[in-house]
Amino acid sequence: MIFALQATDLGKRYGRKWALSNCTLDIPTGHVVGLVGPNGAGKTTLLHLAVGLLTPSTGAINVLGEGPATSAEQLGRIGFVAQNTPVYESLSIETHLKMGAALNPKWDSQLAHRRLHDLGLDPSQRAGALSGGQRAQLALTLAIAKRPSLLLLDEPVAALDPLARREFLATLMEVVAENDVSVILSSHVVADLDRVCDYLVVLAAARVQANGEIEDLLNSHHRLVGSRREVDSLPPSAHIVEVSHTERQTTVVVASEDPILDPTWSVEPLTLEDLVLAYMAQAEEQRRELVRTKVGES
Amino acid sequence: MIEFRLNGNSGVSPYQQIVQQVKSALRLGRLRIGDQLPTVKDVVGNIAINPNTVLKAYRELEHEGLVAARPGIGTFVVNSFDDTTYAAQRTLRRSLEVWLEKARRAGLDDESIEALFVDTFLFTPKEVAR
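Note that the protein sequences, when read in sequence, are chains A and B.
Just so you know, we're using the numbering used here here: the first sequence kicks off at 3 and counts up by one.
Just so you know, we're using the numbering used here here: the second sequence kicks off at -8 and counts up by one.
Hints are supplied without guarantee of correctness; some may be wrong.
Claimed, not checked - Listed below are the simulated DMTMM-like cross-link pairs for lysine to aspartate or glutamate, each with C-alpha atoms no more than 20 angstroms apart in a straight line:
{"hint": "1", "chain 1": "B", "residue 1": "Lys93", "chain 2": "A", "residue 2": "Asp194"}
{"hint": "2", "chain 1": "B", "residue 1": "Lys32", "chain 2": "B", "residue 2": "Glu92"}
{"hint": "3", "chain 1": "B", "residue 1": "Lys32", "chain 2": "A", "residue 2": "Asp194"}
{"hint": "4", "chain 1": "B", "residue 1": "Lys32", "chain 2": "A", "residue 2": "Asp120"}
{"hint": "5", "chain 1": "B", "residue 1": "Lys47", "chain 2": "A", "residue 2": "Asp120"}
{"hint": "6", "chain 1": "A", "residue 1": "Lys108", "chain 2": "A", "residue 2": "Asp182"}
{"hint": "7", "chain 1": "B", "residue 1": "Lys32", "chain 2": "A", "residue 2": "Asp218"}
{"hint": "8", "chain 1": "B", "residue 1": "Lys47", "chain 2": "A", "residue 2": "Glu215"}
{"hint": "9", "chain 1": "B", "residue 1": "Lys47", "chain 2": "A", "residue 2": "Asp163"}
{"hint": "10", "chain 1": "B", "residue 1": "Lys14", "chain 2": "B", "residue 2": "Glu53"}
By construction, these hints were calculated from the structure, which means they are not laboratory data.
Quick caveat, the model's predicted, so the values are computed rather than measured.
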């Protein structure tokens, strides 16, 4: 089986700080993957490792079954749109397309021009004069006209207004509907992701906190609400993600393949946003705990 | 042709929302036998959702015998709900209106009414006496 992205114990260190550590992932092809986590969680690091802009400090990463940037052919199968959807501001849209055609053997000029036409973009226009949404659409056009098998997008919609964001995602979904392409897109905004993604990787504090098909994740995660108590009574198969107590009530987010049968809990489903936030909150709480311990020791 | 919309806060998964919208359009006569459902590409281009979600919804509708996919052409409505329920719907709506009036007069607010309805709906046995 060929994986879109496969990482084994992958880590990247800058000096003494780990930007990514113990990252093990097997992401099958054919998905639209949301890579979510707070700023600084390691999302960009992971994507840069995947395209070969960075080399791992530990472990290994394979993309579409090969090491990143091992050959021109391998690079040709990957479309990458870096953060802030960079384009050459002083060059015209037409020149961008010419450059794409000259640099990519599988370049689909017809597709690129048709997309510009659909977007109502004038090819003679300078890229620097485009709006944020148009620039993002141009960057996406360049990435898909090379006919990649895998598209990697780093925070493609973070800087866009809601309409431009919706239009960008709609275009992206059309691309997925028409082509045999896997997508991995990072985002620190969870809204909108559950409609476009079918696979999720939650990164926080430089580690993978959860990953899998969204449907499976939603089916296996529950919020339990009950009278105040300790949570050691939960079955051992239940992984506790987040716990909070009030004077009289205990709320727990758990991951459990088995149903929670204890009738003293009221079991509620989670939304994708709740699920992501629970993992992020847990990672943040562990970080605070660590700092408090360190400060306490010194 | 119908157009889908997605409610992000409903707690109902996107694929179920599409299934429900097709069914409700069939029930209300906005979709009839022979009508074409929007193509997957059109749906994802309109409401920015994952194409697999649309495919999954269409497959479920196909499985229920309501629509059929004609390869290369599209997905079409081949069956609708039993028309005999249309007549019943009117009287049922009338009795629901009467019930609503009673509930309001008893001092229930909208949320209590909804909670009571949903709760009763979920916890009343589904078997119908025939």
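Legend entry - Ascending list of hint numbers which this structure does not respect: 1, 2, 5, 7 and 9
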